[in-house]
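*Asks:* Those protein sequences? They're chains B and L, same order as listed.
Read in our numbering, the first sequence has 197 at position 197, and its numbers run on one by one without any break.
Read in our numbering, the second sequence has 101 at position 101, and its numbers run on one by one without any break.
Hints were generated in silico from the structure; no laboratory data involved.
Watch out, some of these pointers could steer you wrong.
Some chain L residues well away from chain B (every beta-carbon gap over 12 Å; in silico) [stated by the list, open to error]:
#, residue
1, N153
2, L181
3, P232
Calculated cross-link-like contacts (lysine to aspartate or glutamate; reagent style DMTMM-like; alpha-carbon spacing at most 25 Å) [as the list claims (entries may be wrong)]:
#, chain 1, residue 1, chain 2, residue 2
4, B, K218, L, E128
5, L, K273, B, E64
6, B, K68, L, E184
7, B, K68, L, E178
8, B, K218, L, E124
9, B, K218, L, D191
10, L, K246, L, D103
11, L, K246, B, E275
12, B, K68, L, E283
13, B, K68, L, D205
14, L, K246, B, E47
15, L, K110, B, E53
16, L, K111, L, E140
17, B, K271, L, D237
18, L, K110, B, E47
19, B, K68, L, D103
20, B, K68, L, D68
21, B, K272, L, E184
22, L, K162, L, E125
23, B, K183, L, E86
24, L, K111, B, E64
25, L, K246, B, E53
26, B, K68, L, E74
Even for Gly, the Cβ is constructed at its ideal location relative to N, Cα and C.
The lines below spell out each chain.
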Amino acid sequence: MSKVRPLFSKRMGRKLRFRDRYLPTIISVLSVTVVFFILRALVVNAEQWPRIEAQFFNISAMIEVFPKVLNGFGINMYIWAISLVVIAFWALILAVFRSLHGPWFAPLRVFSIIYIDLLRGLPSLLLVLLFGFGIPALQIPGLPQSSIFWGAIAMISSYSAYAAEVYRSGMDSVHDGQRAAAKALGLNQWQTLQYAILPQAIRNVIPSLLNLAVALQKDVALLSILGIRDAVREAQIYTARTFNYSSLITAAALFLIATIPMARLTDYVTKKDRERRLQRTE
Amino acid sequence: MSRKILLVLFILSLFAVSVFAVGEQEEQPSGSSVTAEENTPNDPRLYQPGKLTIATGEPVYPPWMMDDNPAGGEGFENGLVYALAEELGFAREDVIWVRQTFDQGIVPGKKDYDFILQQYSITEERREFVDFSDVYYSPEKAVVALLNSEILNAKTFADLRKVRWGATIGTSDLAYIENILEVENVAVYNDQVSTFQALLAGQIDATTIELPTALYVTAVQVPEASIVAILPHDPNDLGFGFIFEKGNPIINWINTGLEAIIAKGVVAELTAKYLIGDESIPEISQ
Chain B
1 MSKVRPLFSK
11 RMGRKLRFRD
21 RYLPTIISVL
31 SVTVVFFILR
41 ALVVNAEQWP
51 RIEAQFFNIS
61 AMIEVFPKVL
71 NGFGINMYIW
81 AISLVVIAFW
91 ALILAVFRSL
101 HGPWFAPLRV
111 FSIIYIDLLR
121 GLPSLLLVLL
131 FGFGIPALQI
141 PGLPQSSIFW
151 GAIAMISSYS
161 AYAAEVYRSG
171 MDSVHDGQRA
181 AAKALGLNQW
191 QTLQYAILPQ
201 AIRNVIPSLL
211 NLAVALQKDV
221 ALLSILGIRD
231 AVREAQIYTA
241 RTFNYSSLIT
251 AAALFLIATI
261 PMARLTDYVT
271 KKDRERRLQR
281 TE
Chain L
1 MSRKILLVLF
11 ILSLFAVSVF
21 AVGEQEEQPS
31 GSSVTAEENT
41 PNDPRLYQPG
51 KLTIATGEPV
61 YPPWMMDDNP
71 AGGEGFENGL
81 VYALAEELGF
91 AREDVIWVRQ
101 TFDQGIVPGK
111 KDYDFILQQY
121 SITEERREFV
131 DFSDVYYSPE
141 KAVVALLNSE
151 ILNAKTFADL
161 RKVRWGATIG
171 TSDLAYIENI
181 LEVENVAVYN
191 DQVSTFQALL
201 AGQIDATTIE
211 LPTALYVTAV
221 QVPEASIVAI
231 LPHDPNDLGF
241 GFIFEKGNPI
251 INWINTGLEA
261 IIAKGVVAEL
271 TAKYLIGDES
281 IPEISQ
């Protein structure tokens with residue numbers, strides 16, 4: 001006879017008064033608008049604004065430089081995509097090396113620790129210079145001299161050190177009981193890693209890895225110092241020729257178009273991940 | 001809830017008041033009277049009256065300035081500045097040097113110097129955002145390659161186009177290579193050192209650079225490289241000039257001094273001393 005009443009019925013929703021329902025939204029919109037106009041007034045009224053506008057926000061210059069910057073941006077994305085795949089695997093290998101137990105694996109563990117300490121401790125810019133100019137100058141036969149190749153190697157080396165630590169934190173976050181359970185089932189060290197630890201660890205760290213991917217997307221621009229004509233370098237070339245900085249705004253816009261969807265994707269994955277965890281504990 | 005609204009409004013109004021307060025402070029009394037001190041070393045329009053404050057890059061390269069030491073006076077550009085300062089009536093110790101990057105020299109805004117010089121080429125495009133002095137030197141361009149390079153025997157632009165090129169950003173070299181030699185995919189480096197490093201590393205085969213720099217680099221810094229040829233002049237490149245903040249009123253006075261030392265032959269002397277050309281280098285003109 002009696003039905004269970006849902007916690008939030010539609011009828012109750014209608015009961016919400018105007019000020020509880022709409023006022024927060026109105027205040028948000030109003031305050032954002034007010035802040036925007038105050039900032040705008042600040043900027044536009046600045047004494048130097050007309051010059052800044054001409055030198056940084058010149059629409060015709062932005063359009064003029066767009067094809068070249070877009071072409072350069074293609075190089076950014078190409079290096080980024082390849083590096084990303086290599087980093088995903090190489091960092092996992094490093095993390096696995098570091099997590100191995102047993103005296104026989106000591107050399108791999110030591111290698112992984114030294115690698116991560118060294119490459120995470122050096123500024124990426126230095127690595128790019130050392131790899132990009134230093135190694136080709138050795139003129140070792142058989143090694144490629146391409147600056148894109150060595151630049152990408154530098155970024156991969158540096159970012160794999162970070163990603164390896166992320167993987168490791170994921171592996172550490174898998175409960176010890178899982179290892180014990182795997183051992184009880186008779187799995188050896190490799191099998192435990194493969195079937196019990198890694199699948200859970202990787203799922204746990206995917207949001208952090210995506211974060212690194214966004215960072216890498218922008219840091220690829222560092223390779224411009226090796227003479228690679230990426231988006232930033234094409235923009236700088238235009239600036240150097242004409243003293244007009246609007247080209248940098250074009251490059252900035254392209255980077256935003258690429259990174260904002262990545263950031264939203266990261267948010268989405270993080271949200272899904274949190275929901276998954278909450279369900280599990282129920 | 002209403003208390004929160006009040007708080008938000010209060011913060012916003014504070015912000016608005018502070019903004020307008022700042023806005024009012026920035027209004028300074030304008031309109032300076034012409035004084036008898038204009039066009040003398042005590043000209044109030046100088047960055048620091050009584051001193052001639054000049055910016056240049058860091059590092060500076062020979063033979064334009066020797067030993068990365070502008071105040072030493074050894075080198076073409078700092079020699080020129082000291083001759084100019086003397087012509088304008090400054091004592092030698094009243095010349096103050098500051099170091100700036102390429103970008104600091106061209107962005108809008110108040111500068112903490114009177115003008116900047118470091119082989120900035122004058123072009124019409126650039127005049128939109130800065131003011132240039134008169135031309136003080138118009139160099140020839142030289143092709144530089146390693147001693148074992150295949151282009152040492154190049155005779156035409158077509159021969160030159162066969163190899164990989166690099167150039168330094170901010171110079172007129174890139175425009176020259178792309179527009180006059182019609183080379184594609186030129187690598188572009190941050191500074192002269194990086195360009196030559198790329199040459200040594202085998203990542204590029206050739207670059208162009210002003211002949212005086214080329215003579216110095218191939219003789220002293222990178223003996224593995226040599227000058228292949230001299231190239232014809234680019235009509236769009238008007239030569240080197242000092243850069244002034246757009247609208248800087250002292251430019252005419254500085255130009256008068258520059259004209260005077262050019263007329264006296266001081267610039268020709270400095271050219272002969274630091275930038276002497278080598279007559280034996282072949283020219284490739286088509």
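*Asks:* Does each hint hold? Answer for all of them.
*Replies:* Here's how the hints hold up against the structure:
1. Remark: the non-interface label on N153 (chain L) is consistent with the geometry, its nearest Cβ contact in chain B lying 23 Å away (cut-off 12 Å).
2. Every CB of chain B is more than 12 Å from the CB of L181 (chain L) (nearest about 16 Å), matching its label as outside the interface.
3. No Cβ of chain B comes within 12 Å of the Cβ of P232 (chain L); the nearest lies about 20 Å off, and the non-interface call holds.
4. Note on K218 (chain B) and E128 (chain L): the hinted pairing is violated, with a Cα-Cα distance of about 31 Å set against a maximum of 25 Å.
5. A C-alpha spacing of about 43 Å is found between K273 (chain L) and E64 (chain B), which places the hinted pair above 25 Å, so the restraint is violated.
6. Taking the CA atoms of K68 (chain B) and E184 (chain L), the gap is about 13 Å. The hint holds against a cut of 25 Å.
7. Distance hint between K68 (chain B) and E178 (chain L) is fulfilled; the C-alpha atoms sit about 14 Å from each other, no more than 25 Å.
8. Taking the CA atoms of K218 (chain B) and E124 (chain L), the gap is about 34 Å. The hint is violated against a cut of 25 Å.
9. As the CA atoms of K218 (chain B) and D191 (chain L) are separated by approximately 22 Å, the hinted pair is consistent with the 25 Å bound.
10. Annotation: proposed proximity of K246 (chain L) to D103 (chain L) holds, straight-line Cα distance about 15 Å (limit 25 Å).
11. Straight-line distance between C-alpha atoms of K246 (chain L) and E275 (chain B) comes to about 58 Å, which puts the hinted pair past the 25 Å bound.
12. Taking the CA atoms of K68 (chain B) and E283 (chain L), the gap is near 32 Å; set against the 25 Å cutoff, the hint is violated.
13. Pair hint K68 (chain B) plus D205 (chain L) holds up; C-alpha atoms about 24 Å apart against a cutoff of 25 Å.
14. A hinted pair counts as satisfied when its Cα atoms are at most 25 Å apart, and K246 (chain L) with E47 (chain B) qualifies at roughly 14 Å.
15. Restraint check for K110 (chain L) and E53 (chain B): the C-alpha separation of about 16 Å stays at or below 25 Å, so the hint holds.
16. The hinted pair formed by K111 (chain L) and E140 (chain L) fails the criterion: a straight-line CA distance of about 31 Å is larger than 25 Å.
17. With a C-alpha separation of about 57 Å, the suggested pairing of K271 (chain B) with D237 (chain L) is violated against the 25 Å cut-off.
18. Restraint check: the Cα-Cα separation between K110 (chain L) and E47 (chain B) comes to about 11 Å, which is no more than 25 Å; the hinted pair holds.
19. This hinted pair checks out: K68 (chain B) and D103 (chain L) have alpha carbons roughly 21 Å apart, not beyond 25 Å.
20. The straight-line distance between the Cα atoms of K68 (chain B) and D68 (chain L) is roughly 35 Å, outside the 25 Å bound, and the hint therefore fails.
21. Taking the CA atoms of K272 (chain B) and E184 (chain L), the gap is about 48 Å. The hint is violated against a cut of 25 Å.
22. At most 25 Å may separate the alpha-carbon atoms for a hinted pair to count; K162 (chain L) and E125 (chain L) exceed this at roughly 30 Å.
23. Of the pairs offered as hints, the one joining K183 (chain B) and E86 (chain L) is violated, with about 87 Å between alpha carbons and a cut-off of 25 Å exceeded.
24. For the given pair, K111 (chain L) sits about 29 Å from E64 (chain B) by alpha-carbon distance, which is inconsistent with the 25 Å threshold.
25. Restraint check for K246 (chain L) and E53 (chain B): satisfied, since their Cα atoms lie roughly 14 Å apart, inside the 25 Å limit.
26. For a cut-off of 25 Å, the pair hint linking K68 (chain B) to E74 (chain L) is broken: about 41 Å separates their Cα positions.
Hints 4, 5, 8, 11, 12, 16, 17, 20, 21, 22, 23, 24, 26 from the earlier list are contradicted by this structure; the remaining hints agree with it.
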